[in-house]
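Participant: Given next are the chains, with one letter for each unit.
Protein chains: 2
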Amino acid sequence: MSKIKGNAVIGQSGGPTSAINATLAGVISGCLNAGFEKIYGMKNGIEGLLCGDIIELHSYFPAPECENLSLLSLTPGAALGSCRKKIDGAETAAKLYEIFKKYNISSFFYIGGNDSMDAVAQLSEYASIHPELPKVNFIGVPKTIDNDLVLTDHTPGFGSAAKYIAAVMQEIMRDCSVYKTKAVTIVEIMGRDAGWLTASAVLSKKISGMGPALIYLPEVPFSEQQFLNDLKSEFDKNTSPYIVAAVSEGIRGADGRYVAETAMSGAVDSFGHKYLAGAGKYLENLVRERIGCKVRSVELNIPQRCAGHLVSATDIRESFMIGSSATSFAVSGMTAKMAAFVRSCGNDGSYSVSVVPQDVREIANKIKKVPLNYINSSGNGVTDECAEYLLPLILGECDIPYKNGIPKHFSF
Amino acid sequence: MSKIKGNAVIGQSGGPTSAINATLAGVISGCLNAGFEKIYGMKNGIEGLLCGDIIELHSYFPAPECENLSLLSLTPGAALGSCRKKIDGAETAAKLYEIFKKYNISSFFYIGGNDSMDAVAQLSEYASIHPELPKVNFIGVPKTIDNDLVLTDHTPGFGSAAKYIAAVMQEIMRDCSVYKTKAVTIVEIMGRDAGWLTASAVLSKKISGMGPALIYLPEVPFSEQQFLNDLKSEFDKNTSPYIVAAVSEGIRGADGRYVAETAMSGAVDSFGHKYLAGAGKYLENLVRERIGCKVRSVELNIPQRCAGHLVSATDIRESFMIGSSATSFAVSGMTAKMAAFVRSCGNDGSYSVSVVPQDVREIANKIKKVPLNYINSSGNGVTDECAEYLLPLILGECDIPYKNGIPKHFSF
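Chains as they are written, first to last, in our numbering: chain A, 837 to 1248; chain B, 837 to 1248.
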């Protein structure tokens, strides 16, 4: 075990996921193995760090194999707390450097999405124009259920969200299939800018034969008329009395405006406020109005990002691994890097990933959308190629510890 | 194995649950053990039976220990299909008797809720005024996530829904706890007439220490002003920046009207239709308007009744058992009975249930509400006594079979 100079500090930022704590566990494990004297955790990301709100992680996790670390890996949410604070200029960076000096920080790990990678990029930039400052290695570790970061095959947290969506979609299909009445069920799925999560609904069909007949992603301009035509064609096929459609919360018309926003502009609630309906609720009303059959909408909502009871073992394993790999990048002196996944496919179809460093400045503020070859030509479904990309990410189940009927979580 | 005269027919009716197929498996297993020559399944309950839409269950389940029967027990939804058809007078009963004769039916098992028990009661009544007809034993087997049937300690399917709610509530608490911003999250839970499912949200707090600060059931008249006062008191306590409130979809004002219905009466959507919001969405808007802090609502929606991936082992075991006990009631010549649970508590606090026959006519069209001693004096939470009643029902996890990352289900 090599003894490394200085101390490490770790933070979590942005929206929580079911796997962000597995990555935290991976970074802690890597730091313990690297031999940092002290390993600090920022409470609520850089927002807490700026106030000196930090905790010593050694006291909770004395060794890489401790039970607490396994429990942390399977706890959803961000155990250290999160924030949405951006580094708005040199002043904030300078303040953070004061804290780095005070706590003798040599490695800074930030687990988060797009905005968090921007924070890492800005701190690195500040360091590069201030060579007089003590060296700090700034490493970003990705996290987002949205899978929309560039330069990585996929993002930690996505696989578990996709697994939740695929599993719940199959269950919704079961629920729909019990009646013989003509009915439409619209399932609204997270992902404002990229359709990766909505695309995952296809896995239910691929695996079990039961899944949504129609899938709409934000990558394709949404047309209400086409949607109604698609429903009519499905009913005409007469294969089942019910139709399930998966729609992204972020579907937009050809004019670029969100579907619900456009259509609900005239509606107000009883407080006289603009009625903010989701895409699913809006389309539910549209079907009721224009087709007149039984219809309901289901918003999968926040369990998509916090259903720790149904995580992908692949995702949890990889999320831990990317955290521990990130520490090795810092130990070897790298900075301004984000740890990223590279996928390898064996000749036998086997799947594996490795972790590589990528330039964090090339990642921040960019969005990886679902490519067009993953979307069918009618724009109402996804291709087999897409399903093949998605499938390995949801595989495997974790042995979740339960206490009195509900999962046991780690808390600081 | 005794050979019983005639054949058996089994149906499912009403809304599906995660455990109704475990009960079906129990009835099939009981019928196999009783030695019925033929065991028929109605497709879509009596609606299918009236059209002769039936299948022979022996071919799918040749023996009580077959793998298909285990798989069926862990498949959510109603595998035979369901219906909402009522027996509207003697004509329907007479038609059904024609079918009983044709298929030599001596035992009729109907798995369902309140309406289904009414169907069993009506058929029994028809039989009693037509003693010339061949004897058929009519047995109801309860099923409802709502837990609102009388004369049974609880209902099959409720424990799994309650477990899902308790587990997801804990996860939502984790999700809420990551930010330091003052925020309210309103979780809308199923149960229009009785608050059993909403009350189950308390288990998250009892077990993990994290749970909703406020719980509102339909048994207590809901006051918007009291709700706003309750939120203010919680914020004043200053123990956490976020408040989670669990509300039943069925909360009603003192005038007996549903909260959302009352308040949204002036609102229309962009089609000019009355805006039908749920209680959660309505209260979200109320908090935004009157308190002005960050607020969101989450409707747990249909996963509450179909999340087969997270069932209570106690519920699945008992749901099977009540099905197989129901067959023994028929075999011993009983009719017009519903199988019901009686709870026993040992001196050591241990929990067990037995199954007894109850008069089905005493059950149909009645609702078991949450008793007042289970609700706190402020009407915004439930008592320890309530939590003690609920806890045993959610205990234990099932070993769900997975295939390619999602649960494997049984299909006919």
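Simulated from the structure, these hints should not be mistaken for lab results. All figures in this text were calculated on a predicted structure; none of them were measured in a lab. Don't take each hint at face value.
Copies of the same chain are indistinguishable here, so a pair counts whether it falls within one copy or spans any two.
To be verified - DSS-like, lysine-lysine: derived pairs with alpha carbons at most 25 Å apart:
#1 K1244 <-> K971
#2 K922 <-> K1204
#3 K1042 <-> K937
#4 K937 <-> K1239
#5 K1244 <-> K938
#6 K874 <-> K1130
#7 K1016 <-> K1244
#8 K1042 <-> K1016
#9 K1068 <-> K1204
#10 K1239 <-> K1073
Participant: Determine for every hint whether it applies to the structure shown.
Facilitator: Taking the hints in turn, this is what the structure says about them:
1. K1244 <-> K971: Classified as neither: same-chain Cα gap 40 Å, cross-chain 53 Å, threshold 25 Å.
2. K922 <-> K1204: within (21 Å within a copy, 53 Å between copies)
3. K1042 <-> K937: The answer is neither: 54 Å in one copy and 43 Å across copies each exceed 25 Å.
4. K937 <-> K1239: neither (43 Å within a copy, 52 Å between copies)
5. K1244 <-> K938: neither (36 Å within a copy, 55 Å between copies)
6. K874 <-> K1130: For K874 and K1130, the Cα distance exceeds 25 Å both inside one copy (60 Å) and across copies (36 Å).
7. K1016 <-> K1244: Answer is between: at 23 Å across copies they meet the 25 Å cutoff, but 41 Å inside does not.
8. K1042 <-> K1016: Answer is within; shortest intra-copy Cα gap is 24 Å, inter-copy 41 Å.
9. K1068 <-> K1204: neither (33 Å within a copy, 42 Å between copies)
10. K1239 <-> K1073: neither (48 Å within a copy, 29 Å between copies)
Taken one by one, the earlier hints fail for this structure at numbers 1, 3, 4, 5, 6, 9, 10, listed in ascending order.
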